[in-house]
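With the hints as constraints, model all of the structure from the sequences given.
Residue numbers (our numbering), protein chains in the order written: chain A, 73 to 496; chain B, 742 to 977.
It should be emphasised that the hints constitute simulated quantities derived from the structure, not laboratory data. Computed from a prediction, not measured in an experiment: that's the story for all the values here. Treat the hints with care, as some may be off.
Claimed, not checked - Among chain B residues calculated to face chain A with C-beta under 7 Å, some are: (1) R806; (2) N892; (3) G894; (4) A898; (5) I974; (6) S975; (7) H976.
Claimed, not checked - To be clear about the criterion: a stretch of chain A counts as covered by chain B if any three or more of its residues have a C-beta under 8 Å from a C-beta of chain B, and this derived list gives those stretches: (8) 237-250; (9) 323-330; (10) 434-443.
Said to hold, decoys possible - Listing some non-contacts, in silico: residues in chain A with all C-beta distances to chain B over 12 Å: (11) K121; (12) E213; (13) H274; (14) T283; (15) R409; (16) G410; (17) D492.
No residue lacks a Cβ here, since even glycine has one placed at the ideal position from N, Cα and C.
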Amino acid sequence: MATTEFLRPELARELDRVGRADVLVGIPSYNNARTIGHVVKAVSAGLAKYYPDRACVIVNSDGGSTDGTPAIVLGAETGDHRTLLVEHRSQPVHRVATGYLGVPGKGSAFRTIFKVAELVDASACAVVDSDLRSITPEWIELLIEPVLRQGMDFVAPLYSRHKYDGTITNSIVYPMTRALYGRRVRQPIGGDFGFSGALAKHFLASDAWETDVARYGIDIWMTTRAIADGYNVCQSYLGAKIHDTKDPGADLTAMFTQVVGTVYEMMGGYRRIWGEVKASTDVPTFGFRYTVGVESVAVNVERMIGMYRQGAADLMPVWRQIMGEDTCRTLAEIGERGPGEFAFPAETWVRVVYEFAASHHHRVMAREHLLRAMIPLYLGRTAAFVRQTVASGGEEVEGVIEELCVTYEAMKPYLLERWDQRRS
Amino acid sequence: MDSNFWQHSILEPLRRFVDQAFGFLLNNFLAMLVVLLAGVAAAYLVRLGVTIVLRLFGFDRFCERHGMIGALRTAGFERSPTVAAARLAYWLVMFVFLILSLAALNVAPMNDMVSRLFVFLPQVVAAIVILVLGYLAGTFLHRATLLAAVNAGVPRARALGTAVQILVVLFTVAVALEQVGIGRSVVLATFSVAFGSVGLAAALAFGYAARDLARTVLERQLAQSDREGLGEISHL
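Spelled out as structure tokens, the structure:
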């Protein structure tokens, strides 16, 4: 019998009541009383419509909310589903709300959900964000069905986003994941995803839960492990992702260092795998793709360029410890260009990312410092990307990102050379 | 009569002096030489051992990572940190054996000096360790401050980082001097006045002369959105 350490004692009693479940949907939360009711209703409607004869459970993994979020989960009225249902449900939808234990952050919330999935022996599971405003009942089918009937283990989300949303994803995480592990998962950091019970058990066996993975790094950690460990990965088109105003506690430095740090950290453990990958391939994509309007996004390009210039002026001695002289010279030249001429070529950016990866591996300095030194470079690249695509539509921007990915893949031998260069 | 006088007043004392000198030479001075030679051999073995151990643990890379190579070069030492540490260990051992060799001479005024040196030596070693650790901490905090300031868009980030490093180094030097007992009260007074002055100047500068900047920085810290002033961009 699986142990229930890091689960609250009262949860075990709840799960005895639930018994076994076929489908599980997890909702991590922290002070989401304003939005979680809508999410629970959409999930309940989705389970009722698409899996009326399956035993289902909704699990809320809460980080200690003080606004009554768990109570809203348990008490949310699901309303009349006759407009959605073809037939009445023959199986109940259980709801469980529990606090999680461990390092504060989304990772610990997911770990609790995975554990519950293991205990109730769920075969198909999904997790959705608690602040979603654009979630529909169809999302449940799109995340669960590939696992339940198509033999998939991990379903990544595919959203329609504003061209300037997800800049860390677009400039680093997606191209790196594609170049390293050979699978084109367009949005490897998505808060909503599907997974199999087998994959949940695989994740639980890891010892990464007490590290920074438990904070911002959990999404990319899961995607990377699913791909690199040979599980069947796909993606499902969910439409626009509209959620509540961003977390005021969200800090770019923490977000960046944890996400990029996780990518770099995992490269060390999977060197033998990504070293052999020569090209990338598409993953199966489910869902009907359609055009949808997205909210506009204001971007302060001048400030980003200013921060890049300050980095080039003040951090050059630090950058020289991390990157080669040629790259540093190019970066200095970029910093000296006039405001109307600011540009950060894709090839230079890829060299930066790869040299940082190699230096992270060789521990040329404290890793936290190394990752923080990269932030002005990321802002410079983002500013240049925004300037380059200001008049472009969504498809053209995807074309620019595709070119960046091709550059990442073409320069992979350079990464291998730098990675293996400083063997002690 | 004359021969007895010659015997007792000149030859006997001369013979005793020669015996004593010879005895001193044979026993004590020889002992001193033996101890010195043993010291040379021991110092050589220690240098070899330190070199092997430090190379095994990648000491040079550790120093390079923490910016100590630059400090050594500034001090005029061009060789690697491993060589520097091995030489330091060599001369420390030599110094200890030199003191022991002076003790072997068994000359009364020297014995007192030798015991004082032996009491002083651990404090010197502790002071050296404090200086090294303080330098490492200063370098680390300099870089941490620099990176935080640059990423927060704070102007003159490099000056801020250097100021932090200088403060840490000054504090370390004060602690090291305190450890060896040099000018205790003077160092304490100087340190207190210096830190107090810096703190007062910073409070006046930030709280009065730059109060508008202070307000802007605090407002940004407390703002519910757009903390870095980069726009509404969602980075992930």
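**Item:** Interface hint status, B/S975 versus chain A (Cβ within 7 Å)
**Value:** Status holds, d = 5 Å.
**Message:** Cut-off 8 Å, C-beta pairs, minimum 3 residues; does the coverage of the stretch 434-443 of chain A by chain B stand?
**Reply:** Check passed, 5 qualifying residues.
**Assertion that A/G410 lies farther than 12 Å from chain B (Cβ)** = holds (20 Å)
**Asked** Would A/K121 pass as off the interface with chain B, using Cβ distances and a cut of 12 Å?
**Response** holds (30 Å)
**Item:** Residues of the stretch 323-330 of chain A with Cβ under 8 Å from chain B, three needed, outcome
**Value:** holds (count 5)
**Prompt:** Minimum Cβ distance from B/R806 to chain A below 7 Å?
**Reply:** Hint holds; B/R806 Cβ to chain A Cβ min 5 Å, cut 7 Å.
**Asked** For A/T283, is the shortest beta carbon distance to chain B beyond 12 Å?
**Response** holds (18 Å)
**Item:** No chain B beta carbon within 12 Å of A/E213's
**Value:** The assertion about A/E213 holds, with a minimum of 25 Å to chain B.
**Prompt:** Would A/H274 pass as off the interface with chain B, using Cβ distances and a cut of 12 Å?
**Reply:** At roughly 24 Å from the nearest Cβ of chain B, A/H274 sits farther out than 12 Å, so the non-interface label holds.
**Asked** For the hint on B/H976, does the least C-beta distance to chain A fall short of 7 Å?
**Response** This hint holds: B/H976 lies near chain A, its Cβ roughly 5 Å from the closest one there, short of 7 Å.
**Restraint satisfaction for B/G894 [CB to CB of chain A, less than 7 Å]** = holds (6 Å)
**Prompt:** Taking the closest pair, is the beta carbon of A/R409 still more than 12 Å from chain B?
**Reply:** Holds, since 19 Å exceeds 12 Å.
In summary, the structure agrees with every hint in the numbered list given earlier.
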